[in-house]
Amino acid sequence: MVKPLLHPKFKLNGEAFPSAENLKIHAKHLIEKGKDNEVAIGKFILEWLDENDFITVKTSGSTGTPKEIKLQKKHVFNSANATVTYFDLRENTKALLCLSSEYIAGKMMLVRGMIVGWDLHTTSPEKNPLENRDENFNFTAMVPYQVFHSLRDLHKVKKLIVGGGAVPSELEQQLQKVNTQVFATYGMTETISHIAVRPLNGSEKSAVFSALPKINFSQTENGCLQIHVPEISEETVATNDVVELLSPTSFKFLGRIDNVINTGGVKVHPEVIEEKISLHLKQPFFIASEKDNALGERVILIIESEKQLQLEDYSEVFEMLSAYERPKKIYSIPQFFYTETRKIKRAEVLKKIF
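Residue numbering for the sequence shown is 1 to 354, as defined by the UniProt record's numbering.
Treat the hints with care, since some could be wrong.
[Stated by the list, open to error] Computed spacing ranges between beta-carbons, pair by pair:
(1) Asp36 with Lys328: 41 to 49 Å
(2) Glu51 with Phe337: 33 to 41 Å
(3) Glu126 with Lys58: 32 to 40 Å
[Unchecked claim] Here are the computed lysine to any residue pairs in the SDA-like style, where the Cα-Cα straight-line distance is at most 20 Å:
(4) Lys35 with Gly14
(5) Lys351 with Pro230
(6) Lys9 with Asn138
(7) Lys70 with Pro230
(8) Lys67 with Lys127
(9) Lys276 with Pro230
(10) Lys58 with Lys252
(11) Lys291 with Arg256
(12) Lys159 with Phe148
(13) Lys352 with Glu312
(14) Lys159 with Gln174
(15) Lys276 with Glu234
(16) Lys43 with Ile277
(17) Lys159 with Lys43
(18) Lys158 with Glu204
(19) Lys11 with Leu49
(20) Lys43 with Tyr86
(21) Lys74 with Leu5
(22) Lys352 with Gln308
(23) Lys94 with Lys74
(24) Lys345 with Lys158
(25) Lys328 with Lys252
(26) Lys351 with Ser332
(27) Lys282 with His149
(28) Lys276 with Lys291
(29) Lys252 with Ser169
(30) Lys156 with Asn81
(31) Lys329 with Glu340
(32) Lys127 with Gln283
(33) Lys159 with Glu190
(34) Lys94 with Pro18
Simulated from the structure, these hints should not be mistaken for lab results. Treat the numbers as computed from the prediction; the structure is a model and nothing was measured. Backbone N, C-alpha and C fix where the C-beta goes; we use that ideal spot for every residue, glycine too.
Starting from the given sequences, assemble the full structure and let the hints guide the process.
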């Protein structure tokens with residue numbers, strides 16, 4: 001790899017490293033003596049600085065069985081550089097890593113820091129990683145679950161990116177009250193973290209995702225997004241995400257094609273329904289479907305609750321939905337299954353119910 005894997009100004013928790021060898025020694029110490037999140041950090045640093053031209057990452061498993069894939073380091077470098085350029089995160093940026101370095105989002109925070117020369121601080125991926133920290137940060141990345149629990153401490157961060165799941169409407173409303181610049185991200189392990197962002201608050205707030213530099217989009221016949229990222233992937237990345245394509249560099253996300261419900265000949269997107277009712281449901285929930293003799297499929301609401309809930313409990317909430325979007329049945333389950341980043345494992349929940 002031609003490009004430098006380590007910037008001379010990189011700091012980890014305030015400690016500088018004169019050479020890659022010094023950082024490797026520190027990484028080995030983290031592996032031997034550190035907590036779980038520090039062990040993962042140490043292992044990835046060694047992997048990034050080794051002689052191989054690739055890294056191995058695992059997918060989250062929210063939409064299927066977790067799997068390991070190899071990513072070329074040159075592509076990982078380009079992806080990290082695209083984020084740094086888009087958000088203007090130059091050397092000496094003070095950043096916080098509060099995601100697990102077992103997964104791509106945490107690994108990419110480390111890569112950005114190492115190649116640009118950030119002052120990177122780390123903490124365990126807890127629900128409010130800012131709570132006990134007195135210092136302020138220029139940049140960090142969180143999952144929606146962390147953002148929700150960190151609302152009162154977000155003033156400590158100048159720019160925040162949110163990934164790993166959809167941002168609920170209620171949370172988006174709460175973010176209008178903070179001065180932190182907050183951005184939702186779109187991407188997957190196969191695209192090496194995010195490839196598009198949308199502002200969640202401030203004067204530029206938008207429902208539209210815009211591409212990072214040198215990235216373009218197209219669409220399949222069934223409306224699924226295709227991603228053209230020559231500096232990150234040598235092949236077009238096909239997705240299962242149905243979008244409204246607004247231009248070669250912008251789109252609105254509608255939902256996953258494998259979640260689409262065909263009810264009475266009308267196709268509805270669970271994610272669209274979830275967005276509409278999310279402000280009115282306090283418990284974790286999601287929209288799914290089951291077979292129906294008349295409609296083919298019917299919309300159902302799955303909710304995390306100890307109580308058995310009835311349709312009449314939510315009659316006012318459902319009034320904002322079209323006839324085809326309204327749930328025809330509610331299933332309650334005391335505890336959902338979640339990934340490490342708090343995404344609901346929908347398939348596992350449905351398997352338990354049915």
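Check the structure against each numbered hint from earlier and tell me which ones fail, lowest number first.
Per hint list: 3, 5, 8, 9, 10, 13, 15, 16, 17, 20, 23, 24, 25, 28, 30, 31, 33 violated.
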